[in-house]
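Asks: Sequence:
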Amino acid sequence: MDKKIAQKMVKYPVCCKCQKKIIKKRDILCCVSCKNFYDITCAQVLSTKVNTMDKLKKEIWKCQTCHEVKAKLPIASENTDTLCSYNLTKRSTRHKAPPVTPLHKSEEEESTSSDDDLHSLPDISTYQNDREEELLKEIANLKLELEKAHNEIENLNMENTKLQKQILEKETLTVKWKKLFTEAMSTPKRRASLTNRNTEKKKDNESGQSPPIDLD
1460 MDKKIAQKMV KYPVCCKCQK KIIKKRDILC CVSCKNFYDI TCAQVLSTKV NTMDKLKKEI
1520 WKCQTCHEVK AKLPIASENT DTLCSYNLTK RSTRHKAPPV TPLHKSEEEE STSSDDDLHS
1580 LPDISTYQND REEELLKEIA NLKLELEKAH NEIENLNMEN TKLQKQILEK ETLTVKWKKL
1640 FTEAMSTPKR RASLTNRNTE KKKDNESGQS PPIDLD
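Residue numbering for the sequence shown follows the numbering used here, beginning at 1460 and increasing consecutively.
Hints were generated in silico from the structure; no laboratory data involved. Every value quoted in this text rests on a predicted model; they were computed, and no experiment measured them. Check each hint, because a few of them may be wrong.
[Stated by the list, open to error] Computed cross-link-like contacts, PhoX-like style, restricted to lysine-lysine with a CA-CA straight-line distance of at most 25 Å:
no.: 1; residue 1: K1602; residue 2: K1621
no.: 2; residue 1: K1483; residue 2: K1514
no.: 3; residue 1: K1508; residue 2: K1483
no.: 4; residue 1: K1483; residue 2: K1516
no.: 5; residue 1: K1484; residue 2: K1517
no.: 6; residue 1: K1602; residue 2: K1661
no.: 7; residue 1: K1480; residue 2: K1508
no.: 8; residue 1: K1480; residue 2: K1516
no.: 9; residue 1: K1508; residue 2: K1479
no.: 10; residue 1: K1484; residue 2: K1494
no.: 11; residue 1: K1607; residue 2: K1621
no.: 12; residue 1: K1483; residue 2: K1494
no.: 13; residue 1: K1661; residue 2: K1607
no.: 14; residue 1: K1621; residue 2: K1596
no.: 15; residue 1: K1508; residue 2: K1494
[What the hints assert, rightly or not] Beta-carbon label-pair distances, calculated as ranges:
no.: 16; residue 1: E1618; residue 2: I1598; range: 41 to 47 Å
no.: 17; residue 1: A1599; residue 2: E1628; range: 27 to 33 Å
no.: 18; residue 1: E1606; residue 2: W1636; range: 44 to 50 Å
no.: 19; residue 1: L1639; residue 2: E1606; range: 19 to 25 Å
no.: 20; residue 1: K1629; residue 2: K1661; range: 35 to 41 Å
Even glycine gets a Cβ: it sits at the ideal position worked out from N, Cα and C.
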């Protein structure tokens, strides 16, 4: 056995019952007969009892299996070296790696798997055709929306032109009325003279006399 492996096993012995490493030294018990290591839990020994055991009691401790074998066989020839080697062989057999499957497949298997993969792939041409139809529909809808927007813009431009024309006409009419009002207010004497003449004409018409002739 390799020295490093032996040192590792001694440092962290494996419980022969649960096949787990025993990390804590105080939890280790070694059978004096079979030389197997036991965790105190698997050996069914209380930790308080282990703490009270001195070094000599730990060295002569026997596991339950050895006690039962000794009870059944009064005269038993124990060969510790054989048992230890048997236990080590048994452990190594338990921890053997599973057989490695070959990475390379035969040509027939590879061709079969490649054919299956090809059949499992989706039909790309069908997908492309469906996608093209969807894109064409989207483009047609966008064209309709764009044409509708252009028509709305044209209608708004026409309405804007009409409103501007109406505003211009109203502004022109306002300027004309302002001019007439200004001219009328700038000649008060003429307005008073015209008012007096109209009054006199009205009186003459009422009295039946002809109005005087204005020589001015």
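Asks: Taking the numbered hints from earlier one at a time, note which ones the structure violates and give those numbers from smallest to largest.
Replies: 1, 6, 13, 14, 16, 17 and 19
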